[in-house]
Every structure is written in C-alpha cells, then in structure tokens.
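*Asks:* Heads up: the sequence lines are chains Z and F, in that order.
FYI, our numbering numbers position 27 of the first sequence as 264, with every residue one higher than the one before it.
FYI, our numbering numbers position 175 of the second sequence as 179, with every residue one higher than the one before it.
Calculated directly from the structure, the hints in this document are not laboratory data.
Remember, predicted model here, so these are calculated numbers, not experimental data.
Hints are all accurate, no fakes.
Cut-off 25 Å, straight-line C-alpha distance, at most; resulting in silico cross-link-like pairs (DMTMM-like, lysine to aspartate or glutamate):
id: 1; chain 1: Z; residue 1: Lys249; chain 2: Z; residue 2: Glu311
id: 2; chain 1: F; residue 1: Lys257; chain 2: Z; residue 2: Glu308
id: 3; chain 1: Z; residue 1: Lys411; chain 2: Z; residue 2: Glu397
id: 4; chain 1: F; residue 1: Lys257; chain 2: Z; residue 2: Asp366
id: 5; chain 1: F; residue 1: Lys257; chain 2: Z; residue 2: Glu344
id: 6; chain 1: F; residue 1: Lys199; chain 2: Z; residue 2: Glu347
id: 7; chain 1: Z; residue 1: Lys249; chain 2: Z; residue 2: Glu308
id: 8; chain 1: Z; residue 1: Lys411; chain 2: Z; residue 2: Glu240
id: 9; chain 1: F; residue 1: Lys257; chain 2: Z; residue 2: Glu347
id: 10; chain 1: F; residue 1: Lys257; chain 2: Z; residue 2: Glu324
id: 11; chain 1: F; residue 1: Lys199; chain 2: F; residue 2: Asp260
id: 12; chain 1: F; residue 1: Lys257; chain 2: Z; residue 2: Glu397
id: 13; chain 1: F; residue 1: Lys199; chain 2: Z; residue 2: Asp366
id: 14; chain 1: Z; residue 1: Lys411; chain 2: Z; residue 2: Glu471
id: 15; chain 1: Z; residue 1: Lys411; chain 2: Z; residue 2: Glu357
id: 16; chain 1: Z; residue 1: Lys411; chain 2: Z; residue 2: Glu324
id: 17; chain 1: Z; residue 1: Lys411; chain 2: Z; residue 2: Glu458
id: 18; chain 1: F; residue 1: Lys199; chain 2: Z; residue 2: Glu324
id: 19; chain 1: F; residue 1: Lys283; chain 2: F; residue 2: Glu348
id: 20; chain 1: F; residue 1: Lys257; chain 2: F; residue 2: Glu207
id: 21; chain 1: F; residue 1: Lys199; chain 2: Z; residue 2: Glu344
id: 22; chain 1: F; residue 1: Lys372; chain 2: Z; residue 2: Glu311
id: 23; chain 1: F; residue 1: Lys372; chain 2: Z; residue 2: Glu344
id: 24; chain 1: F; residue 1: Lys372; chain 2: Z; residue 2: Glu308
id: 25; chain 1: Z; residue 1: Lys411; chain 2: Z; residue 2: Glu350
id: 26; chain 1: Z; residue 1: Lys411; chain 2: Z; residue 2: Asp433
id: 27; chain 1: Z; residue 1: Lys249; chain 2: F; residue 2: Asp260
id: 28; chain 1: Z; residue 1: Lys249; chain 2: Z; residue 2: Glu397
id: 29; chain 1: F; residue 1: Lys257; chain 2: Z; residue 2: Glu311
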Amino acid sequence: MIEVILQIRALKVGYGPRAVLEGVNLSVARGEWFALLGPNGSGKTTLLRTIAGQLIATSGNVLIGGYPIQEAPEQAMRLLGFSHPPERLPSLLSGRQCLEVYAAAHELTEIGEPVLALAERFRLTSALDRAVETYSLGMRQKLCALLALVNEPALIVLDEAFNGLDPASALILKQELTARVEAGRCAVILATHALDIVLGHANRAGLLLDGGLVRIWNAPELSAMRAGPANALEAALAEAAFTETASTGSERQ
Amino acid sequence: MKQRNPLLYLLWLEWRNLLQGTGRSRRRALSLLVLLALVIVPALVGLAAIWPVLLPLAAPNSTAIGVLVALSSSMWTHGGRIRWTAFYLGGWVSTLPVRSSVRHRVIAVRSFALSGVLIVVLLAALPLLNHAVSSASALTVRLLLTCAAALLVGSLLGWWLPARARLSSASPSRPMVLRQVGGRASLGALAQWGKLQTRRWFEPRIVSRLIAPAMLILPLGTSANLALALVGLWVIILYLLITLRATVHVARKGGDWLRPTPLRPARLAWAIGSLPLLKQLQWTLAAVLLLGVLGVRPLLAARLAEGWLAFATLAPTLVLAQARGVRHMRLRALFSFSLLVGLERWRSQWVIPAAALLCIWQLRSSTKARI
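Here chain Z stands alone, though its shape is the one from the complex (with noise of 0.2 Å):
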C-alpha cells in the first residue's frame, strides 16, 4: 500500500497582499522523489518554507504523514527533516554543536552513526569542530544537508541544495537519498534547477508558475525523456510554461 507522506491541499500562501501561492494540490509518497521545477520567483521557496512550517498558510492544508503542520506541528515536524539556506546557520556554533542542538530537538540521545559516516564521505568530519563561520558555502551545503537527515526523516524537504557542493559530494548526496528512497525510509522534494539531478533521480516532477502547479510529470513520462533526446526536459518546460501563459492570456481576453 502506498503511503502518502506529504499532502497539500487547496494552499495559498501570500505575502500581505499578494499571493504567491493558490491553489496548490499536491502527494507525495514514501519511496518517491518529487522534483521541484519552475522560474525565479514561481513560488518553490515559499511552498517549501510553508511545508517545513515557517510561513502560515492563507488558506489550505499541509498533512505531513497525516499530521497537519498547522494544527499539529510537532507530530508533523518528527517526521520531516529540512535543509535551511546555508546562511541561517547559526556562525558561532562549529558544526558539531549545530548537529548535537538539532539531534536534541528531535529527542535523540546522540547523532545518529549514519549522519556521522556522511559527513565522513563529505569529507567534512575535520572541519566539525570548527566554527561554521569559518565554512566555505559548500561546507555549510553540507551541514545543511547533514541536518536534514539527523531525525531519519520521513519526508525531507531540500531547496536548491545541491548548490555550491563540489561533484564528487553532490554525487555522495544524491547517492544517499536516493538509497533512502529505493529502501522507502523517507519521501524527497526537491526544488532545483538542475535537470539532470530530475532526469537522473526523480520520480516526479512539478513546473510551478505563477503559484500554481501548472503541470506534473510521473515517472514514465520522465523515464521517455531519459530515453528521448538530450534537451527533452527543457523542450516539455518551455511548452508547458508557453501553454500556461497562452491560456491565462486567452483567458484575461
């Protein structure tokens, strides 16, 4: 049986006045990987930071292993595991005291062994004990990331995480969750740029324009485009994105 870890119904999400987000529908299941697409200031950022609970939703709901994140964050917040931009960490703290505050937070007696082997693959394990001011942007990619996984998250929420890691540890990282995936311990949303992190990992993908999820791509179509040519990703975007905008320009007409 399929379990539904994330589920988004009917959100809008706004800033004061102005919508970002509305009428977002969207599950995401144990054992998948859903790709977040869509331009600059779609939207991706701020559906994320509602998932994670950081922004308050006009209206509509966010289940999180059917928790909802409103009524009851922290059943919801147990299960999920979420990398924050590598600027919020705290700059004072080395990295193994920002591990230990957030194994604590989630009422573990100590950070688990398979986070320490990670940051021992990142190559990160000598620089743990130093101040995270003193970190390069990848290495604070990757104590975000490392946070994210602390809890064994069941859904774990990444926005533009593979930025700025070297290949060989966006490679380690990729390899990780999708091993966490294919084993079914956890649901991955992404938002990224990256296309070939979509066609070479996802399950699923969503273009996300203008606050709405104008279009989901299911693992067959994206396992065609793996097949079809190189750009075929880019080419289904950008028509995509053309029919939306045709059709809202039609409709405004």
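Starting from the known structure of chain Z, fit chain F onto it as the hints suggest.
*Replies:* For chain F alone, coordinates are given in the frame of chain Z:
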C-alpha cells in the same frame, strides 16, 4: 538630460522606497513613523518636564558634556565613514563608473547623517526647553548650542581621523576548536552561542572605546576609589547591555533556525536563556554593590536591579515568541512593558513575579501558535 549623481540618486531611491514602499515595506515604514512619533514627541515632552531639574545639574558641566558628545559623534561618524567606504568601494555599487569625488560625497552624506539629524532635533527642542525654564533661558541656549557645536566638531574630527584597517566582523579570527570527539545530543551549545556572541561584542577594542566617555566625565579631584567604582559600574552596565543584546540575538536566530523541529519553546527558552540570566543576576548584584559604594540608597539600587532583571528576562522571551510565529507581538510587548512599568511605579515587589508570569504567557502562546 541633466546628469545626476547616481549614488546620491540611489540613496534618494532607498529613502523614497522606505517611505512609499508597497505592501510589507509600507506597513513597516508606517510603523516606523508611528513609533518615531510615539518616542520622539513623548521624549521631548518628558525632557521639557524634567528640564528644570536637569538644567541646574547639567549647566555647570556643559564643557564635560560637550566633550562627551563630541567624542561620541566622532566615534559614530568615523565608524560610519569606515562602513560606508567599505560599501561604496567593495559593495555592488563599487563597479559603477563614477568619479571618486562622487563616492566621497555620498559617503560623507551617510556618515554625517546621524549628527545632522541630532543637531536639527536639538535646535528644534530649543524653544520648547526655553519655555520650560523661561527664567534661565540663556543657560538652556548655551547648553544646547554647546551640544550642537560639539556634535559638529566631533563629527568633523571623526571624519578626518585616519582610517585604520579594520577586521570584518565576519572574519574567522578565532577558529574555535571546541571538542574533537563525541556527538551526544545536547542543547548546551545554545547557551554556548550566547556566551560566544557576548564575547564577540564585548571585545577589548570595543570596550576600551566605550570606557573613554566614562573616564572623561569624571570631574577633576575625584578620589581613586570613587573613580574606580564609577568606571567599574560603567563596565558592568555595558556588559549587562551586551549580554542582553546577545541573548536577544540568539533567541531570534535560534528560534528561527530551530523552527522546523519539534523542540518545545519552553525548552528552547531555557537552553538559550538560563546561563545568560545567571550572568545577569551575578553582575546585577555586583552593580547593586557598586551603587551602594557610590552612595545610592539600597532600596533604590534594589528597585533598579529588580526592574532591569525583569526587563532582561522578558525581552528575549518576547523575541523568541516572535521568532516562533506568535502574532500581535508589538501589542504584547507594549502591554507587557507597560504592565512592568506600572508595577514598578506602584507595586514594585510584584515586578519579578509579573515578569515571570509574562514570560510563561509568551511561551504558552509560542507553543500554541508554533507556526
């Protein structure tokens, strides 16, 4: 088309957008204006009310006050010059093809802005204060003009002081190796964070600058013991202020950072605030002792300490509640502080228990309105 200074035009656009912005920024600008009106007008009225008491104390020391004001304005103008020079030579506008004199002009405008505003406020306050003590208007005029002149002279001095190489606050001056092994889950680092932040802001370089005004206002002939007590009290007050500032900073950043975790606000508040509160308690007691040495009545010193501790307990909790998404925080803060001020005035023994209850109220609201 008339050529305009692009950097001054940028400055003008920033101010215009702040005041005429759309949506949230407009609301923020309106709140700022209302807040300014609520602060400046009552402050001027309050100053006029206590001016008859203040003037006889201040007038004989007008030279010392002038020196203090000049020193302060030179410090902020110099700091502004360094900061804005770094921005216009290294920020996103540094690659604009403008003459160096144009950059120089806009750096000057920004560096002198605060002193300029203060001079205008002083001159605007002159008729009001004159009216308050009409029998000694010459003294008022002399004191205010001294302050205005000191602001001007200090700013000019600060502007002309040679700029020294300055370490960036973000520079990794101390790669802190804290522990090599282990990975026990613990919130202890949150208390550590406040301590490190206090240490970062309470650097000897900064403290030495801040002690200078205290040394300057000591009248000639002051006994060594009294001078030591005064300077010591000044340092303790600085430490208490910086500790509170660091706790508030950590509460805001930490609250935001740990928001997508199931950590309860009360536990977070305890982890962030318990150690700084202990420090506040220790050093407030030290300040009370020094106030006693300086001849302040014990009851008054105790009341001051009580009021400060209540404020230092409540402020980070309010910030934490805001970081956790509690709504109407301005109203809550206004209500909480008004209540504390009222109690301090009429039922001072209730200030600490009331602050504790207000903290519990904020934390309960944070738990309910987690997101």
